Amino acid sequence: MTDCYKPRDECGLSSAIKDAATAKMPLVVRGAGSKSAMGRPLGGYAMSLTTERMRGVSLYEPTELVIGALPGTPVSEIDRMLAKHNQMLPFEPMDHRVLFGTSAEPTIGGIVAGNVSGPRRIAVGACRDSLIGVRLVTGRGDVVKSGGRVMKNVTGLDLVKLNCGAWGTLGVLSEVIFKVLPKPARSLSVGLGGMNDTTAIAALTAALGSSFAVSAAAHIPASIGSDSTTIVRLEGSDGSVAYGARELAKLWRSFGRAELIEGDESANLWLRVRDAHWLAQPMDRSIWRLSLAPSKAPHVLADIRQKLGVRYFFDWGGGLVWLAVVDADDAGASVVREAMANTGGHATLVRASSEMRHRIDVFEPLPPAVLKLTQEIKKCFDPDRVLNFGRMYAGI
Amino acid sequence: MEMPPLDPAILARRSDIVAALRAIVPGEGVIDDLDGMRPYECDALSAYRQMPMVVVLPETAAQVAAILRYCQDNKVKVVPRGGGTSLSGGSMPIGDGILLAMGKFNRVLEIDYANRCARVQPGVTNLGVTKAVEHEGFYYAPDPSSQIACSIGGNVAENSGGVHCLKYGLTTNNLLGIEMVLMNGEIVRLGGKHLDAGGYDLLGLMTGSEGLLGVVTEVTVRLLRKPSTARAVLLGFPTEAGAADCVAAVIASGIIPGGMEMMDKDATKCAEAYVGAGYPLDAEGLLIVELDGPPVEVDYLVERVADIAKGRGATTIRVSHDEQERVLFWAGRKAAFPAVGQISPDYMCLDGSVPRGKLVEVLAEMRRLSKQYGLRVVNVFHAGDGNLHPLILFDANDPDELRRCEELGADILRLCVRVGGVLTGEHGVGIEKRDLMGVQFTEIDLDQQMRVKCAFDPDHLLNPGKVFPQLRRCAELGRLVVTQNRLPFPDIPRF
Ligand SMILES: Cc1cc2nc3c(=O)[nH]c(=O)nc-3n(C[C@H](O)[C@H](O)[C@H](O)COP(=O)(O)OP(=O)(O)OC[C@H]3O[C@@H](n4cnc5c(N)ncnc54)[C@H](O)[C@@H]3O)c2cc1C
Ligand SMILES: Cc1cc2nc3c(=O)[nH]c(=O)nc-3n(C[C@H](O)[C@H](O)[C@H](O)COP(=O)(O)OP(=O)(O)OC[C@H]3O[C@@H](n4cnc5c(N)ncnc54)[C@H](O)[C@@H]3O)c2cc1C
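As you go down the protein sequences, you meet chains A and B in turn.
The first sequence runs 1 to 396 under the UniProt record's numbering.
The second sequence runs 1 to 495 under the UniProt record's numbering.
In isolation and in its complexed conformation, chain B is listed as follows (with noise of 0.2 Å):
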């Protein structure tokens, strides 16, 4: 994985920059020892790994500012961290640059259930706002299976989503404001307990920006009452596309159900023997729908999705019978990656989006190609939006398995784009994906997307390598003219 060249003028300067950054952040908020520095030096993408100039952790928004600040000033490179859960290398340190990490931004603000809202810093963590207020019967709707270390910063910077997200949307969907600190320092607050921007959607835009655009220094978000019931069924059906038929069929009946995800038969089985969860083994393709409501309305349901799920060849209906199986069912799912990880020395995430339609098609063209290549991969994902997660088993300390693997990855996401879908349904660009970026857009499109990057941050210093292909220094951007889709400079360096 190509980044940018390291900065030997800035490296030279380390230790005025940590002097620095100590003014700032005085006693143990900064770490420059290795030792310190080690469990930072990557995120859940752990192939690549890579150890900052300095960790800095910062307690206010003042000092935020004041750290971008001085970076700015000095042309220093910043990667910000929540909770270190992005797949995608999102939060992954440069070499010549600061790690920001906002793990001490952890306190819940304030809950304010008139308008149904909670006002937390970025360090909390996407279950800790529900802990907040579940005793008052709220909850916040967006459920990454990574939410007991994932922070609501991060969240907000990868879009995050969960199981429950076709139901209710994701991180953007149920985020009202934030305030934000730009790259020359400047203390902004987007958005607040209200609906809509007054003026351009900003909090849109940040959302999904991957650290690229601000530093997040305090969210808001919106807190729902608790569904009085919810029920999972569980489906098993003798092929994976029986399993992936009912979803669609599902949705095209007009049921949107909570949550609806598929395991393959080899998932089915490593997350049967992680949890005992009493998944039947001998499905080729299992569905998790979850249906929610009152319980009229959810017996209602359970009985439409068995009967669509019956036409489809299901050959195992079982239906939760209380929130204790409930969960159980859940449990498999929700342990499937670890799960999967007893059985590989090594899995790569991929999280490719396409239309649900297509599920069939692209499931049978992933087997192809995972034949082709000699890697075996894993289906567990979020059927109901189309969502995939397919996992390559791999062993990294093999140079061409990783090589292989890499390659299978880049062709099922091609696939993917070749359906209509795209690269990432909800883990992100980061460096993973980086390199794909033009099979989904052409330079045009990423030109656009730059020069808003640009707006925010001329000098490319907040979380630079991540996201786009090329680097193209701003006042260039403001110029160029591209014809036929072709760049005038198609040789100058990517960065």
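Okay, chain A solo, but in the shape it has when bound (with noise of 0.2 Å):
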């Protein structure tokens, strides 16, 4: 095991990081290490830092809606305290430890370095959006902060969404503030049976363009269960769903019979949506989340499916692909980004081997402009390279 700091305060962090700078020791920066599985593989390295023993809500004002917390605080702690108040956080982040099998709770610190959000994305924005201010400790031990409390804010530049999906690259997160929402008073899905991949598509691409309050979007095709289903999520007050989804089924005539999903039922189906349940074993499988414009999606699906054996399903209305693929020769890589390669998405390996991790890109490899400006910003947060270096791109 790896010798580890434990801060318990922001000034105990940035102390342990000005010493990791001042002898050039690399760390590796954990919540709980739900996701340590994730990027690109950081071995050999003496030293590791844990936000553990920071946790704890700083701030929560029902009223204002909105809530603060230290990074080692566990989700499920901030999911308590604010279905106490019936809200919750908007972006409805995934759990990871369905698809890495592991146990450690999941650090709200490492949601925020992960930009980690689940199907509510595609209406109420991710866990970027949601997030309006940040205290962090940078690889200087300089503690920054940026955004605040408040809803709206343009002062300075704005580093919260930099660091918001930096993987802990750039800075160690002290504080993450976001705004949050009340819980819709119903919830309920509508599906649709027996479609393929491009007429799925097509149907949930009319419920989005729709007013009805949609508030998810996903196509299970028929390889992953007995059957295929397209369903759509309704969330609002009682008369907004119950109207959304008698017009949506108007909607929908042309593609088929649609179905209510109500209670517990349209609950858990969302829950696998959102962690990838279908993919989750067998473990030996990649895993790869392909970002991309909705209506491309089949055809990239279609053109990958000639090439490799996948599992997969659809999520944001089809923006959002899940693939499941052997874990041998690069584990469908070139297949994968060749296949993405004309529609300006972006493809990341989230699970896969050490060895294939650290073959591999894990995150899209970046033109070389932007790869510029990625190594220029690595530099001006952590000149010596102390914070989780690597764990993004080669020399980031």
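Keep in mind that the hints were calculated from the coordinates and are not lab data.
Source: prediction; values computed, not measured.
Each residue gets a CB set at the ideal place from its N, CA and C atoms; glycine is no exception.
Any given hint might turn out to be false.
[To be verified] Quick list of the computed label-pair ranges, beta carbon to beta carbon:
(1) B:Arg418 - A:Val326: 57 to 67 Å
(2) A:Leu59 - B:Asp411: 22 to 32 Å
(3) A:Cys4 - B:Leu477: 27 to 37 Å
(4) B:Gly311 - A:Gly101: 51 to 61 Å
(5) A:Ala369 - B:His321: 49 to 59 Å
(6) B:Asp398 - A:Leu59: 35 to 45 Å
(7) A:Leu260 - B:Lys310: 35 to 45 Å
(8) B:Gly313 - A:Gly101: 50 to 60 Å
(9) B:Val296 - A:Gly256: 18 to 28 Å
[What the hints assert, rightly or not] Calculated lysine to aspartate or glutamate pairs in the EDC-like style (CA-CA distance at most 20 Å, straight line):
(10) B:Lys334 - B:Glu272
(11) A:Lys183 - A:Asp79
(12) B:Lys226 - A:Glu247
(13) B:Lys75 - B:Asp16
(14) A:Lys179 - A:Glu77
(15) A:Lys372 - B:Glu186
(16) B:Lys269 - B:Asp346
(17) A:Lys18 - B:Glu443
(18) A:Lys183 - A:Glu262
(19) B:Lys167 - A:Asp238
(20) B:Lys167 - A:Glu61
(21) A:Lys379 - B:Asp459
(22) A:Lys250 - B:Glu136
(23) B:Lys167 - B:Asp299
(24) A:Lys372 - B:Asp73
(25) B:Lys371 - B:Glu401
(26) A:Lys18 - A:Glu175
(27) A:Lys379 - B:Glu476
(28) A:Lys372 - B:Asp459
Assemble the dimeric complex from its two separately framed chains, guided by the hints.
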């Protein structure tokens, strides 16, 4: 086991990082480690740093719809606290434990570092959209704040978004603040069966182009279960959900007979979509996550399936594709990336053996000008390259 | 307002620079005569004016790239400009720099209903995007009051908001992709029609960067389906506090209205005189609350909002009965700035943002400050998200009034920060709030922001003198070690 810094507060965090920077000693940054098998493997570092002792809700004003927390706070603790006031984190973060088969509780710092979002992302935005303020400690050991606790804020450069999804390569977050939403009074799903990928995406597109309170849209093809399911979730007041369900059934008439899915059955279905449940087993498969324009998804999938045996499903109305492939050769990297090449989107290898993640690019390779900016930004936050060095890209 | 000193060596080379620009942008695209440049002398913060060295109006990204590469090589400063409606001096020219006006980038390039997005050039107006898609029942959500004049490129640079941002988000939440040109002439594409970044969220960083990091040459925005119904409710209260309380109570009840705006008595009077919206003139605080969605939902929400308002002592409750009346309710609010302009030679519009629960306290304290400085303050603002727009009335021809106005403005913004808020909610820092940045940020915070600026523009050539109260050389920032929040050289000149 490697040695580990376990700072109790921001001050301790800053001195730990300053120590490491002075010694030019790279650190592996962890929350609780639920996603530690994600990204490029960080081999051979003497030290790690965990935020597990920096926990607790630092600010919660239910009437203001604002919550702030220290980075090591388990997401479940935040969910529980919000639920008491019938509120929620809008972006429905996925729980990576299902895919990784791990048990350590995901922390809110890890969620922000990965910009982790779920099915509701298409309706209310990603983690980065709900995140309104951060404090962080840079690779220099500097304590920096950006954003705040107010809804609207354009004061200075937005380092909040820059750090959301940077996987801890720029700074270690020491506090994160979100705007939250009331839980919808009602939630139900409307589903269609028997659709192929192309018609399914067309049906989801029609639903998303409506004004019927759609909060999620997914397609699980027949290859996953016994029959395909094309589902849309409606959320809002009783009246608007009932209205939406009625109108959507009408809108979908040309696609087939819409079926209502309510209560736990609906909720469980969306948990499975959120956590990519259907692809978790067998554990030795590599898992890809593709973000692309929804209209391109069926074509890209057809292309990939001609060359690779895959299991897959669509979230975000087709804009997010989850793929499981055999962890051999290059885990499908060349096929997937070639199929994605003209879409403008990106593909991330979420789960694979450490050997595989070492060998191929885990995150989407960057065009030269963007890579150069990325390197410069890394340098200006973490000149001694002590924070998660190499986790996203070689040299970053 | 102190700006970086003019560089005589650059000014001496003006004719070479103009000739070089003419070689890149032929014909009428380069303006170097005083009369021609006059319209570019200021933005909507018109108290501050400055003629640029030369104005250039490129038409293609390749021209922008060639201009920036030339400027980088020759160390010439550049100020990007869209519609020139910035209220913070963001697009105010600098005397030894080029004004890069993006007005010719005015085409809608692609509308993609299947992926619910539009790809447009940055000079297209905000309203132009909605106009291009409304016949299909779609719209672009962020709607600054300046939407007939401001450009999408300017919206990206300022991360602009509007009345409907309470429910639908700011520019940053509705932006999918951009093409931009870096100071070294490289053309970079960020995002596209997909969601979220594969690497660092550079799109998020660019949004609201006030023209300091790159020049935006193409924008892809998200389109939304128009809600099937929208109704507006006018709520009049006998006290300002009652109105502010009602705002907090609506949010606390779990309702997120499409928009929730507040006007004080003076603003209401001005707006009523200007457009005749039928506002109650006895109300000390007036709210316009818009509720949207399917008809059943809207009926239900209207009733709940009315109930909450009654509980807070509302004396006027009027619900719009048709689209015409809804638009009329808004007409007064949308014209509030020019309406206030009718009663005072000049006004200064502030943009502080505070926690919604502090509205009552902040409004009261603002009244006290207004008395103390002997200047009237009129309030029209985005109450739903706590974004204040106090308008300080003054006469710019009276130097003492101008001075008092600036001081009162600074005090109000300090007050915003003190209660947990920020200097600017949507108008940007520009030159206007630049020198107050230290109230909200430590030197360490600002240095880190400046280092990010250096990653894009190591010579501080793009829009210099804006946003940061002190410019430090990038090389210096690279090694600067700050101890105990004190700078090693506190007395070096600010620029
Ligand atoms: C090599 C390795 C293997 C492991 N294997 C297992 C296992 O098989 N089963 C198991 O139960 N546990 C395992 N753990 C421990 C487990 O990973 C932790 O419980 C878990 O990390 C916590 O998850 P998290 O959501 O907090 O995010 P993490 O997985 O810790 O972090 C996700 C990403 O966010 C970054 N990050 C986290 N917090 C911050 C922050 N505050 N600021 C900036 N960046 C941050 C991380 O650097 C990382 O890039 C392993 C740990 C390691 C190091
Ligand atoms: C009456 C009135 C009402 C207003 N109401 C609102 C409101 O409700 N909400 C709100 O948010 N704002 C409002 N504003 C402020 C202003 O309209 C916005 O800030 C707007 O986004 C500015 O757009 P513009 O095209 O006019 O930009 P400009 O004023 O030309 O420029 C603004 C900034 O953007 C930069 N910039 C412009 N184009 C580009 C480009 N292509 N690439 C890189 N940088 C660029 C400039 O350098 C400058 O820093 C209002 C202004 C007025 C006058």
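Gly311 (chain B) and Gly101 (chain A), beta-carbon distance inside 51 to 61 Å? Given range 51 to 61 Å: holds, Cβ gap about 52 Å.
Is it true that the CA of Lys372 (chain A) sits at most 20 Å from the CA of Glu186 (chain B)? holds (11 Å)
Taking 35 to 45 Å as the stated bounds, is the beta-carbon spacing between Leu260 (chain A) and Lys310 (chain B) within them? holds (37 Å)
Under the criterion that the straight-line Cα-Cα distance not exceed 20 Å, is the pair Lys18 (chain A), Glu443 (chain B) satisfied? It holds: about 18 Å lies between the C-alpha atoms, which stays within 20 Å.
Is it true that Gly313 (chain B) and Gly101 (chain A) lie within 50 to 60 Å of each other by Cβ? holds (58 Å)
For the hint 22 to 32 Å, verify it against the beta carbon of Leu59 (chain A) and that of Asp411 (chain B). About 26 Å separates the Cβ atoms of Leu59 (chain A) and Asp411 (chain B), which means 22 to 32 Å holds.
Holds or violated: Lys167 (chain B) with Asp238 (chain A), Cα cutoff 20 Å? holds (19 Å)
Does the structure keep Lys183 (chain A) and Glu262 (chain A) at a Cα separation of 20 Å or less? The given pair, whose Cα atoms are some 16 Å apart, holds under the 20 Å limit.
Cβ distance range 57 to 67 Å for Arg418 (chain B) and Val326 (chain A), holds or violated: holds (60 Å)
Given the hint that Lys372 (chain A) pairs with Asp459 (chain B), does the C-alpha gap stay at or below 20 Å? Holds. Lys372 (chain A) to Asp459 (chain B) sits at ~17 Å (cutoff 20 Å).
Would you check the hint for Lys75 (chain B) and Asp16 (chain B), treating anything up to 20 Å between C-alpha atoms as holding? Satisfied, since the Cα-Cα distance of roughly 13 Å is no more than 20 Å.
Does Asp459 (chain B) sit within 20 Å of Lys379 (chain A), going by the straight-line distance between their CA atoms? The hint holds at about 17 Å.
Violated hints for the displayed structure: none, as all numbered hints are satisfied.
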